[in-house]
Amino acid sequence: MRWIYLLAGIALGVKILLTSNALPDLSQVTIVETIVRETGIPNAVSGIILRNRLYDTIFEVVVFTISILGVKYLLSTEQPATTVYQFTDSPSIVLARLGATIAALVSIELAIRGHLSPGGGFAAGVAGGTAIGLVAITSSTEDMDRLYQRWHAATWEKISAIAFIIIAAINLSGVELPHGELGALISGGFIPLLNVLVAIKVALGSWAVMLLFIRYRGLL
Amino acid sequence: MLLEAFTLATILCGFFAIIFKQNLVMKVFAMDVMSTGVIAYYVLIAARGGLFTPISGNATNNGTYADPVPQSVILTAIVIGFSIQALMLVGAMKLAKDSPTLNTREIEKENSP
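So the sequence lines, in the order shown, correspond to chains A and B. Quick note: the first sequence, position 99, residue 99 per full-length UniProt numbering, numbers continuous. Quick note: the second sequence, position 86, residue 86 per full-length UniProt numbering, numbers continuous.
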């Protein structure tokens, strides 16, 4: 049976490789220029995600939220790990803190300039999550938990998700802010705002997952 | 063509590993390999028309932009892949309580009536 699967899979691969999957010739339509004109921001990929495909992006955010809720739900019946392994030598701590600072700065840059340069909300959120993770592997679990509670991170995560959905719904119903000057920091209507909201959402979501894994698994 | 063959080989490697490996954690990793291959394939298709990053004002001396549509479509898959993986690893963790080997055959045998 394995051989039949193997042969069928290889045949499928060869078929995809040999049949032409050419796209229709769209060289008269300049996709990038069209999207830049429609959205008012230079970054066409961000423009597609946060304007032309905004309906899909809403559900992308919803799926991310639900999977974090699922991780929380599944882990809530587990026993917390008794020993948490951490880096305690000072070179690791210094390097991790330095990396966390750089990652946090990169995250902010990607979030607020995601509509002008490569980047955007999701990449910014992952960079922010990396920064928080680097701090989490070197500082004590209680401190991280206290920080998470004090800043009401779980609440902010939910607020940013709901705000994203509401703003996206307003945008989808046809209301649009003026585009402003192409290439300015505040331009492109709702897009910079949506980028920042997604960045907050993803960073806080990955922080929540990281805290859960550290609490129940020791260290990751 | 050669690059396409390599990305397809990556996708098929992941696919066969999902089917043939018995260990659940290996299956999760294999899914990650497969999704990496699929992302690479989309990026390759996007780069067919041109190689410049699709940001207005980026193309110099009459260069053409890469197609932004496949790139933005696959960005969804990256985020969803991350969340699905977190969820699957937690599921594997819960299963490891009862069957530490995480062998799919054994899990099925234990839980079948």
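For the record, the hints were derived by calculation from the structure and aren't laboratory data. It is possible that some hints are incorrect.
Some residues of chain A that are not near chain B, with every Cβ distance over 12 angstroms (derived) [claimed, not checked]:
no.	residue
1	Asp56
2	Thr77
3	Leu116
Away from chain A, derived, C-beta distances all over 10 angstroms, residues of chain B [to be verified]:
no.	residue
4	Val28
5	Pro68
6	Ser72
7	Thr76
In the DSS-like style, the derived pairs of lysine-lysine whose C-alpha atoms are separated by at most 27 angstroms in a straight line are [claimed, not checked]:
no.	chain 1	residue 1	chain 2	residue 2
8	B	Lys94	B	Lys109
9	B	Lys94	B	Lys21
10	B	Lys27	A	Lys15
11	B	Lys27	A	Lys72
12	B	Lys94	A	Lys72
13	B	Lys97	B	Lys27
14	B	Lys27	B	Lys94
15	B	Lys97	B	Lys109
16	A	Lys15	B	Lys21
17	B	Lys109	B	Lys21
18	B	Lys27	B	Lys109
19	A	Lys15	B	Lys97
20	A	Lys158	A	Lys72
21	B	Lys21	B	Lys97
Where a beta carbon is used, it is the ideal one built from N, C-alpha and C, also for glycine.
Going through the hints against the structure:
Some Cβ of chain B comes within 12 angstroms of the Cβ of A/Asp56; the nearest lies about 6 angstroms off, and the non-interface call is violated. Against chain B, the non-interface label of A/Thr77 is violated: not every CB pair exceeds 12 angstroms, the least being about 8 angstroms. Some Cβ of chain B comes within 12 angstroms of the Cβ of A/Leu116; the nearest lies about 8 angstroms off, and the non-interface call is violated. Listed as outside the interface, B/Val28 is consistent with that label: its C-beta sits roughly 14 angstroms from the nearest C-beta of chain A, beyond the 10 angstroms cut-off.
Under the 10 angstroms C-beta cut-off, the non-interface status given to B/Pro68 relative to chain A is violated; the minimum distance is some 4 angstroms. Listed as a non-interface residue, B/Ser72 fails to keep its Cβ farther than 10 angstroms from every Cβ of chain A; the least gap is roughly 4 angstroms. Under the 10 angstroms C-beta cut-off, the non-interface status given to B/Thr76 relative to chain A is violated; the minimum distance is some 5 angstroms. Under the criterion of a C-alpha separation no larger than 27 angstroms, the hint pairing B/Lys94 with B/Lys109 is consistent with the structure, at around 17 angstroms.
The suggested pairing of B/Lys94 with B/Lys21 holds, with an alpha-carbon distance near 19 angstroms, which does not exceed 27 angstroms. For the proposed pair B/Lys27 and A/Lys15, the alpha carbon gap of about 25 angstroms is at most 27 angstroms, so the pair holds. A C-alpha spacing of about 22 angstroms is found between B/Lys27 and A/Lys72, which places the hinted pair at or below 27 angstroms, so the restraint holds. In summary, the hint linking B/Lys94 to A/Lys72 is supported, as the alpha carbons are separated by about 13 angstroms, within the 27 angstroms threshold.
Between the alpha carbons of B/Lys97 and B/Lys27 the distance comes to roughly 18 angstroms, so the proposed pair stays at or under 27 angstroms and holds. For a cut-off of 27 angstroms, the pair hint linking B/Lys27 to B/Lys94 stands: about 16 angstroms separates their Cα positions. Using a Cα cut-off of 27 angstroms, the hinted pair B/Lys97 and B/Lys109 holds, with the two alpha carbons roughly 16 angstroms apart. Pair hint A/Lys15 plus B/Lys21 holds up; C-alpha atoms about 25 angstroms apart against a cutoff of 27 angstroms.
Distance hint between B/Lys109 and B/Lys21 is fulfilled; the C-alpha atoms sit about 17 angstroms from each other, no more than 27 angstroms. Our distance criterion of 27 angstroms between C-alpha atoms is met by B/Lys27 and B/Lys109, whose separation comes to about 18 angstroms. Among the hinted pairs, A/Lys15 with B/Lys97 is inconsistent with the structure: their alpha-carbon atoms are about 43 angstroms apart, more than 27 angstroms. At most 27 angstroms may separate the alpha-carbon atoms for a hinted pair to count; A/Lys158 and A/Lys72 meet this at roughly 14 angstroms.
At most 27 angstroms may separate the alpha-carbon atoms for a hinted pair to count; B/Lys21 and B/Lys97 meet this at roughly 20 angstroms.
Hints 1, 2, 3, 5, 6, 7 and 19, counting from the list given before, are not met by this structure.
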